[in-house]
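J.: Going down the list, the protein sequences come from chains A and B. Take -12 as the starting number for the first sequence in this note's numbering and just add one per residue. Take 1104 as the starting number for the second sequence in this note's numbering and just add one per residue.
Because the hints were derived from the structure by calculation, they are not lab data. For every residue, glycine included, the Cβ atom is placed at its ideal position computed from N, Cα and C. Do not rely on the hints blindly, as some may be mistaken.
Stated by the list, open to error - Chain A regions said to be covered by chain B (calculated; three or more residues, Cβ under 8 Å):
(1) 75 to 81
(2) 84 to 95
(3) 111 to 124
(4) 184 to 193
Unchecked claim - One side only, chain B facing chain A, incomplete, derived with CB under 10 Å:
(5) A1201
(6) L1218
(7) P1226
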Amino acid sequence: MCETCGCGDPELVPVEIQENVLAANDLQADHNREHFSEQGVLAINLMGSPGSGKTALLEATAELLGDQANLFALSGDLATDNDAQRLDQAGIESMSITTGSACHLDASLVHRALHDLDWHDATYLFVENVGNLVCPAVYDLGQSANVVALSITEGEDKPLKYPVMFHKADLVLLTKVDLLPYLPQIRLEVIEDALARTMPDPQVIRVSAQSGEGMSDWLEWLEKQSKKETALVA
Amino acid sequence: MGARSGGCEKISNKLGTEPHVEALWDLKDMHEYSIVRALLDRVEAEARTHEATLVYRVRVRIGELAGVEPELLRSAFELVRESTLCAGAELEIVPSAAVWECRDCGTSIPRGAVLRCQICEGPTRLASGDEILLEQIEMEAA
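When you get a sec, could you build the whole thing from the sequences and use the hints?
T.: Set out below in structure tokens:
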């Protein structure tokens, strides 16, 4: 009751909170991260548009690495488990997370899937997110690094149009560069300039899963990140 | 993961993901919908702590680079708030612009520029502009 004048009206109380709305997701993400770092597993949140070449990149990665690393993947997909099947065939032990119509993975979906996949011996655990350039960037999954696959066929201005995705990327892989001769309108330096305006510490590798161009740089980057991760465990 | 599952369940229970309402339209597919659900869970928990009977206003701060579309957030809020303490509540959205600055010397970076310090050439960081923050709840105390 209002105590100021005793009028009997209910009292309005402002309560200061100042708390992240996604605090529950972040808590779950930290929990996932703890699991990963306990095991010295490098977890990569791989994001990008539908068709940007995320699965093809992982297939090529598996082919090149062969027995040198244990690869695992969780694959987010709206309706099918096609990607997980492709990854399995490529030698990456995979689990599909079918999201129904949800546009992104969140930390608890990843956590549930982790219970169904024996990932503890992984060198790298790739979380292939739902193909989408907006929503996946909003949710921390517990990853060590965000990698965005951006295919050169998507146009030059995507980083400027979707800054939310790119400002969170630790690494951008410019994919399908083998198609450059057929795309006279695409200038890689313009894409890279757009990335420099959206990424706080731009790291960009030009790759082609088809021709193998740039793949050794990508593998080197992975190895470097993995060493950082295991150094933290030790 | 056998031996670990005890700790995991504890966390999962803490999070709780039951929806407030079973909304059956496209908005449910948007991540703004899941953000609103998380928001209302938090607001209701706070209201219960204060034994409040009604929530009048919820103020959130949404950064330009938060990946949240204010209008979609508002629509989702209006949909999900029914049958909660927020049924009649107003959602106030305070926008927050993206501000980039040098990680080392703090110099601010002009909008649209290359994100590299013009003074010391160091890498930059986002000082503000990616918040999805519940700032304040105005409620009716018992």
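J.: Of all the hints given earlier, name the ones this structure violates by number, lowest first.
T.: Number 1 only.
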